[in-house]
Structure formats: structure tokens, C-alpha cells
Amino acid sequence: MNSNIKLVISREYRERVGKKSFLITTILMPILMLGLMVAPALIMSIGMGQSKTTVVVVDNSGIVANELKSDENTVFMPTDATVDSAMRRADADAILVIPRELMTSKKPSLKYYSNGPSSMLVETTIRSAVNEIVEQRRLRDYDIENLGEIMQAVECDVDMSTVRLDRENAETASSELSSGLGIMLTFVLYMFLLLYGQMVMTSIIEEKNNRVLEIVVSSVKPAQMMMGKIIGVAFVAVTQIVIWGVLIAAMSSLVLPAIMPDQIMADVAALNAGNTAALSDTADISLLQAVAALGNVGYILQIIGVLTLFLVGGFLFYASIYAAIGSAVDNIQDASQLQTVTVVPVIIGLICAMGAATDPNTPVAFWMSIIPFTSPMVMMARVPFGIPAWEIIVSLALLFISFIGMVWVAAKIYRVGIFMYGKKPTVKELIRWVKYK
Amino acid sequence: MDILKVDNVSKSYTNHLALDNVSLSVPEGSVYGLLGPNGAGKTTLIRIINHITAPDSGAVTFDGHQLTQDDVVHIGYLPEERGLYKKMKVGEQALYFARLKGLSKRDAVVELRRWFERFEIMDWWDKKVEELSKGMAQKVQFIVTVLHRPKLLIFDEPFSGFDPINANLLKEEIMRLRDGGSTVIFSTHNMASVEEVCDHISLINHGRNVLSGNVDDLRRRYFGNRYELAYKGDSDELSRALGDMATEIELSLNPEGYSVMSLRKTDSAALRDVIDVSNRTVELISIAPALASMNQIFIRTVKDTTL
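Here the protein sequences line up with chains V and U, keeping their order.
Mind the numbering: the first sequence is residues 14 to 450 in this note's numbering, read in order.
Mind the numbering: the second sequence is residues 5 to 311 in this note's numbering, read in order.
Pulled out of the complex, with its shape left as it was, chain V reads as follows (with noise of 0.2 Å):
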């Protein structure tokens, strides 16, 4: 009967990997991923030159409204005449009225009134000009000598390069872009095991639904079907990531040196060399780091590595759990209720995953990352920071034992309800099926 199981994995696995939709979502998801952080940005630079709103001053101290600056957003207009009248006038989006004591007073109030909504980023921005007018006024009026060129002697900013110190190679690897990385492993592991779980499902309620698992049955052994299927699916996902993997670090390795400028290239070969001073002065460190770490094809294929093995470890449990659901329900729509049962932890765990992407060494992070029903993902997004390998092996080990002991209960629930039609069953009937002898 071994060589069944073989025949279901294979044949869940072609059916799959045979359809034109596995190869265009393999090639487009890539692109999606790279529009959905793009997006925001570009959505952001449209956004800004739309707006414009005109601000009419109403200046009672006499101070400010000379001295406000116009932009392409905002466009401020000084008037002498009173609120009321200037509430009348028709160009103006909204009114700003400066107090009088706001030299003397410690924390002068503005009132900004507004014709329709007020944009946050206007505000934002009188506010800031405002106190920058004051507080210049109040540094002029201690009467310093050369206090422009102190002022500029000042002005500083300051840039960052982390060295990891307990590693053979120094490494450098800002926790910016660990802590990016981390999130979209996250987001990988998210889509994965979710859509990848529900393909198991929804397969199995078609099996269920046509009378395939009558015939089938008959000759596997109903937990080999499953596990036949589960198997197979998390094949696909592995297909998948190694395509994206093939294709990451075909790109860092190749296509990256050849389009990128050369002063960059060799400012990250001297990132690379631990030899800061060799760098240019335009140079931007995060920016070099992604760079670098973008062209370690070493780095690159360690992380796919470990995404790979939470990603089965995660797929099969949780593919379990979404088995059992699929073989007690005869349809999608009853399936969505017990779905909580799945989707809940996993949403957990991308918030999670979330905090622990800034700062991975929190005792909730650890643990999280630990638990099996959260650990896929939140200690893909502790990954990038370079965590101890032991925490990693201790992940892994919890997360495959539960897979066993979820594949345990799960068959034995999908063994009676293969052949349960009709009634949606409750949690508590679905407990009471696994103590079926």
C-alpha cells in the first residue's frame, strides 16, 4: 500500500503544479510583493503635489505672517482684516489666527479654521514653521555675534552602521533592513500558510462532495489519503519557494552588479571588506547594506533555507487542522466558522511577528517563536537579526512533534467525517470523533 500513498502525493502534486495558474502566480507574485511595498511610496509622491490648500493669516502679533513660506501644498495668504471678513472670502480654504502674546506667552494657541476637511499634513506643517519663527525670534533677541555660522557649526546628522561582533565574518546588517526582511518572510509565511492550508480544505470538500473518497478510500487507507494530500500540497509550496528562491539569487548575484552604478558597487565591496573609510562621501549606509546583503547570495539562500523548513513544518500543521475541517463539513460556507480555528492563531502570530521585527528579543517574541501555532511566523521575522542557532532547532523540533500529534488527531477525525453528510458538526462532535475507537 506504499506505493499508493506515492500515487496520491504525485497526482495532488501534478494537478497543481500542471496548471498554467501555479505558473503565473509563481511569476507574479514576486511583482505583487515588490508593488505592495512600492505602492504605498509612489501612492505617497502622486498624493502630495494634488492638494493645495490656501491659508488666509490673520496675524495679531504682528510677527508671523511675513515670515510663513508658501509651498506647493500650502500657500499662505496675510491679511489685515478681521476673522469674520476674512471668513467670507471665497479663496480660502481655511483661516489661521495668531494670537498676540505669542512671543510672551509659554505655549501660545493657535486656531486654524477650516473650510471642509483639514489635512493632517497642513497642520502638521503650520505648526512646525510657526515654532521654528518663534524660536529663531527668541534666539535673535539674545543678541548672539555670528549665530547663523554657530548655528551651522552645529547642525549635525548622523548615520549608522551595525557590526555584529559575535560572528566569524563581521557581518554588517542594520536592524532596518533585518527588521524589513523580516516582515515580508512574515508576509510569505502569512500567504503561505493560509492559502496553501485552504487549498488542502477546499480539495478535500470536493472530494468528499463528488464520492471520490468512497472509491478512493477503498483501496488507501483514509490517513494515507490524507497525508497523501497534505504531502503533495506542501511539495507545491516548495516548488514554489524553490523558484523564488532560484530566482532571488540568480538576481542578487547576477542582475544586481550589472544595473547597479559601479561607485555603489565598490562602496559595498568596501562595506563588505570592513573598511569604512574606503567608502564615498555620498554614500548612504542602509542603502549599501540592502545592497550587500541583497548581493550575499550565501545570506540569501541561509534565510530561504530557514523559511523553507518553517514553512513546511507551519504548512503541515496547520494543513492538518485545515484537513480535519475540510473532511467534517460539506461545503466552504459551513467550513468558515471552524476556520477561526486557524485563522485566529495565524493572525496572532503576524502581529506578533510584527512587534518582534523591531525588537526580536523580547520574552513575548521568544516565546512566540517558540509555540508551535505561532512560531512559523514570528521567528521568521526574529531570522534576519541572526538569532542562536539552538533557539531556531528548538522551534523546528516543537513545531514538527506537533505536527505528529495534530496528523494523529486530525485522522481521526477526518477518517469519520469523510463519510459524514449532512449536519455541520460542532467542536465538541469533532472532539468526540477523535475518541472513536
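In short, the hints are calculated from the structure, not lab data.
Among the clues, some could well be false.
Listed next, the stretches of chain U that the computed footprint assigns to chain V, with coverage defined by at least 3 CB atoms under 8 Å from CB atoms of chain V [as the list claims (entries may be wrong)]: (1) 74-82; (2) 91-100; (3) 112-124.
Covered by chain U, per the in silico footprint, the following chain V stretches (three or more residues, Cβ under 8 Å) [as the list claims (entries may be wrong)]: (4) 219-225; (5) 231-238.
Simulated crosslink set (DSS-like; lysine-lysine; CA at most 25 Å straight-line) [what the hints assert, rightly or not]: (6) V:K32 to U:K109; (7) V:K234 to U:K91; (8) V:K437 to V:K425; (9) V:K65 to V:K124; (10) U:K91 to V:K19; (11) U:K90 to V:K33; (12) U:K93 to V:K19.
By construction, the Cβ of each residue, glycine as well, lies at the ideal position given by its N, Cα and C atoms.
Please build the complex by placing chain U on the supplied structure of chain V, with the hints as guidance.
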């Protein structure tokens, strides 16, 4: 020899007893009808025979030994609600099921080609099942069921959804398989087809085997071994002539206008004497055992055992 023996099999689910001490024997090479109203427990019994579920108690013997998982390759099962992958191609799908039943890929291809040519459906090979009509899909399902030359075939309502021509084709194929040495278990509600194809039946009601036996015997026994004579002539004279050879005489007319006498032959009288006497007295057209229809048997047995 019996290819399948079911001994005192019981199976219960949470709230009800699906099978209650059911026993039956299926002779090798026979067509065996498994009858019963909806929910009687037929499907549960079929699942036990298919080794899908295990009985709580009792034993199932297949081909002389206790039924095991390995015997499943010798069984072909056509479920009532058809089970095929809609998105999979016909040929590929048939090969998959054949290989699950233990055929090598090469053997499966050879067998499959033969069946496809037989049914003249070679051009369906690369079609997806969802592109086929219901009747076409059922043909494919039938081939999938019989492809691995099982010793025991189980058909659950095989004719539903078939037009009369295809139903007939299927019936012929089933008979051909039987003649080739396979044993067929037939689960159906179509009593006319039971009369036509089944040698033996078991009637299951409320999880119990309430009636088992040879179809002809059962039909004869139902009316208490009565005979029906059709003739032209005087009925009174005939009944006088028969004397104490016949009891419980009933008279009627058949559609062709002949008189019909239904009688029970007394045990001491030989059928030959009955015929002789009748022949001398009236113009005898036919004499035949009074056969109940399976429909009558089914309805009465189910009613009697449902109380």
C-alpha cells in the same frame, strides 16, 4: 463456493444501530441483489465489504479467508453518487484509479484502451470529466470500476441516469463480466432489474437481513407455491375434475380474454397429473408457477418487518 460470507455483522453509530447481526452468503459467479429501503444499512454493509469501515462485531470472509486490506484490489465498487475528479482528464484519471487498485501502469494502459475501444470513447481520453455529460461520466466510472478485473463487483444503483439504450449496454456488460467469472453485488431500488438480472437477493430493513434467498424461489414462495392455468372452457368443470388435487382456487380473466385459474397444488398431487386432467377437460393454453413481482415482495416484507 461462496466468494463472500458475512457472519453476524453488527455496526452501530452514535445514536443508532446501522447493522444488527447481518449474515449473508454470496455464491461465486452469481448476481446478488442487495435490497432495502433508504437508510436500511445497505451502504454501511457495502463499506464494510469494501474495507472502508470495520464492523463492531462479526466476520467477513472473502474468497475463503478473512477479509483484509489486500483483498480490496479484487473488489470493484461503483458508488451510487459518482466519484470522479472533475478537473482531471478522463484517461489520466482512469489510470490513477487502476494503479491504486494495484495494476502496473503498462497493464492499466492496455486494459484501458481495450475498454475505451469497446465503448467507442477513445476520443474522450484527453477530455476533462467536467466536459462530459452525466451519462458519459458514468460510463467512465463503470470502466474505472471494472478495469482491474475484480473478482467481486459492487454496483450501487448502476442504471440511474442512463438512457434505456445505455442501460441495456451496461446490463449486457455486467452479464458478460459475470459470465467471465466475476461475482456481482447489486444494490438497487429498481425491482424490475432485480427480477431480470439477480440470482439471489438479501433484503435489509432496519439493519437486519429480513429476507434472503434465490429470486425464483422467493417469487414462487410468496404466493405459497401456486400455479396459474390459462385456458378456454368451463371453469366449474375443471375444478370438479381437479378434485382434491387443488385447493384455494381463485378465478379471473387475463387481458387476452382467457380464463385464469389460480390454485394451490396439494402435496400428494403430481404436477403432471394436474396438467393431464386439465388438458382433458379444457383447452389448456398455459400453466406456470404464480410468481410474485419483486416489487410485491419488497413492499410486503418491508411493511411486515417495520412494525
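Hint check:
For the stretch 74-82 of chain U, the stated coverage by chain V holds: 4 residues have a C-beta nearer than 8 Å to a C-beta of that chain, and at least 3 were required. Counting residues of the stretch 91-100 of chain U whose CB lies closer than 8 Å to any CB of chain V gives 3, so the stated coverage by that chain holds, three being the minimum. Look at the stretch 112-124 of chain U against chain V: 0 of its residues bring a Cβ nearer than 8 Å to a Cβ of that chain, fewer than three, so the hint is violated. Coverage of the stretch 219-225 of chain V by chain U holds [criterion: at least 3 residues with CB-CB distance below 8 Å; count 5].
For the stretch 231-238 of chain V, the proposed coverage by chain U is satisfied: 4 residues have a C-beta within less than 8 Å of a C-beta in that chain, meeting the threshold of three. The suggested pairing of K32 of chain V with K109 of chain U holds, with an alpha-carbon distance near 23 Å, which does not exceed 25 Å. For a cut-off of 25 Å, the pair hint linking K234 of chain V to K91 of chain U stands: about 23 Å separates their Cα positions. Of the supplied pair hints, the one linking K437 of chain V and K425 of chain V holds, its CA atoms being roughly 17 Å apart against a limit of 25 Å.
Restraint check: the Cα-Cα separation between K65 of chain V and K124 of chain V comes to about 20 Å, which is no more than 25 Å; the hinted pair holds. Taking the CA atoms of K91 of chain U and K19 of chain V, the gap is near 20 Å; set against the 25 Å cutoff, the hint holds. About 17 Å separates the Cα atoms of K90 of chain U and K33 of chain V, which keeps this hinted pair within 25 Å; it holds. A threshold of 25 Å between alpha carbons decides the hint, and for K93 of chain U with K19 of chain V the separation of about 19 Å falls inside it, so the pair holds.
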